[in-house]
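Asker: The chain contents come next:
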Amino acid sequence: MPNKKQAAHIDELAELARAEGLDDYTSEHRVGEDNIKTLGLDVHNPVFLISGSTIVLVVVFALALPGLAADVFGQWRVALTTQLDWFFMAVANLVLLFCLFLVLSPLGAVRLGGPDARPRYGYASWIAMLFAAGIGIGIMFYGVLEPMTHALTPPLSATGVTGAERRGLAMAATIYHWAFHPWAVYSLVGLSLAFFSFNKGLPLVMRSALYPVFGERIWGWPGHVVDVLAVFATLFGLATSLGFGAEQAAGGIAYLFGIPNANWLRVAVISLITFLALGSVLRGLDGGIKLLSELNMGAAAVLGVFVLALGPTWDILSGLVQYSGAYLRYLPELSNWVGREDDYYMHNWTTFYWAWWIAFSPFVGMFIARISSGRTVREFIVAALLAPSAIFILWMTIFGETAMNQYFLEGWQGVAKTVREFEPELSLFVFLERFPLTLLTSALGVLLVLVFFVTSMDSGSLIVDTMTAGGKIETPVGQRIFWCIFLGLLGVALMLGGGLNSLQALALASAFPFSLVMLLMMVSLYRGLRAERLLLAVAEAESEAEAELAVEGG
Amino acid sequence: MYSRIGVPVDLAHTDTLEKAIESAAVLARAFAAPIELVAVTSPSPSEVARDPHAFGEKLAAYAAELSRRHGVRFTAHARVCDDPTVALDRTLFEAFHELGVDLLVVASHVPGVREYVFSSNAGWLASHTDLSVLVVR
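First to last, the protein sequences are chains A and B. According to my numbering, the stretch in the first sequence is residues 1248 to 1801, in order. According to my numbering, the stretch in the second sequence is residues 149 to 285, in order.
Pulled out of the complex, with its shape left as it was, chain A reads as follows (with noise of 0.2 Å):
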């Protein structure tokens, strides 16, 4: 028996338990209880045949009738743009909150996948996979665009500003979307399902991630809706980003060699895109998509050198000192709602993004959780906190510095032209017009958006085909492939039929929904990891109570 004292304080953990009505969560619920099985397929019922079903027929209805189709879901962009901009960043800020509590809290220690569990991916490799697959390929179509653009137009009405606090409201502005607050809000949702996955044996789809709120009922409607949301919002939302990249893509290569940016070159460039996803979902996660993020980073990371080094290289490094400095003065003033005034950075910059990144949050929150058991909550949202919010600010900062000097030192109208006629494909070309070997490094920019979305597609087709066969991970190998094709083809169909647009806006419909998600999932967590921590104290009270005994009793 354990003394009396040890006896007391297991006593008063079990009691703090209950007292709290705590729970461990854990399901009778199996992994594929639900799914169908036949024709070689292994596939969730109703989440497959619903999202599936559904999506043919909106894509058909886009396609039929664009115009009508265009005006439904076009408003409702607008609306959740101009009506729910205070709510987006109100859930934008309340998430990036939550991730700092939880580090500096003591629930930060408890370990994805258990105590003894550890990562089977080192840093740089799991960095580069959140990058890749995540939002990545943002650098190289806004790391020159975006700084530009607000450094032309200021936000928060500052129309007086010059010189060089101009520039810092500039890259304030533009860190402000792609460094912390995107990353929050990829962390809560890997987290949450990495969490409930590999700790409570839950099924590694995001309705797991709500059973602390629902209970036993998640297995039922509430959880399909929310899966098929899921579904929803990744596969619009990846298939528009496909045809919006490849006409941007199809942009830079038509400018690069003089050609006309026509239809076949766009479905060229889906087409390869599709077919090099497809060689690297037959690879699998480690030898495709890890080795291609891997191969991503050191390209870009080569780009990023070259511009640092043959660019305005001092005025870069003591910019990454002053614009971080100006990220963090203007932080409080650019998440703010209130009050505002220049609506139209508010609207069409942040609460895009906003909605943007949310969308996005299944997808990317599922892939981060798939690669990251074995790591502490803390490790876990300071690395992906962290990591890429530097990458961002150092990539943005280096192109951002040098495309201004070009503009306000040199006087060179190149890229400010791309911004005025909004052509994000070639203001990264133009901008390297300014520098030797353009050839070169311009093919390097192509090959690397080509990689970046073969990437993002590749992880895609992973995600989709778990989320709609249960959380099976071993699904077969088929099906996978069938998601991908059914990607490139939807793009190629979208972009040819017109409706990017409007299934644009569907996909950015689906962020509401999913902020109400994620602001159970907040709580769920919460609870789920607080509950872990007493019953892990609770099991080594007991085990160290144990140990003493044997030594006295031996």
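Each hint can be trusted.
In the DSSO-like style, the derived pairs of lysine-lysine whose C-alpha atoms are separated by at most 27 Å in a straight line are:
#, chain 1, residue 1, chain 2, residue 2
1, A, 1447, B, 206
2, B, 206, A, 1284
3, A, 1284, B, 167
4, A, 1284, A, 1447
5, B, 206, B, 167
Pulled a few chain B residues facing chain A out of the computed Cβ check, cut under 7 Å:
#, residue
6, 190
7, 192
8, 195
9, 199
10, 230
Listing some non-contacts, in silico: residues in chain A with all C-beta distances to chain B over 10 Å:
#, residue
11, 1312
12, 1331
13, 1407
14, 1507
15, 1541
16, 1685
Don't read these hints as lab results, they were simulated from the structure. Each residue gets a CB set at the ideal place from its N, CA and C atoms; glycine is no exception.
Given chain A's structure and the hints, the job is docking chain B onto it.
Answerer: Okay, now just chain B, sitting in the frame of chain A:
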């Protein structure tokens, strides 16, 4: 002739492994060789077990039961693989290689959804490894 026999196991479909297990047991007795059972799981929950630890326990229990039933020593080796859909073959091969197995007895044509995995699996192991492979149908 053979000193160590390996058998890949799919814990979700043990009923379809009977014949392969029996063949392995006969061979094991003939060559006085132990049998190494290898099964692969992912870090996240599967239909077999809620975590890799529980999976390992299930496999160990299965091996113990087989040892009792066949009177030959079956040892369990659970391996964790991040993407079993694609990397199952390679994970199995690495495990058998590390264990110093020189004969594989592989069940093929497990009916149902993973049929293709195991059929291609036996094929992959036969064509990509230098081990002797007995494919049991």
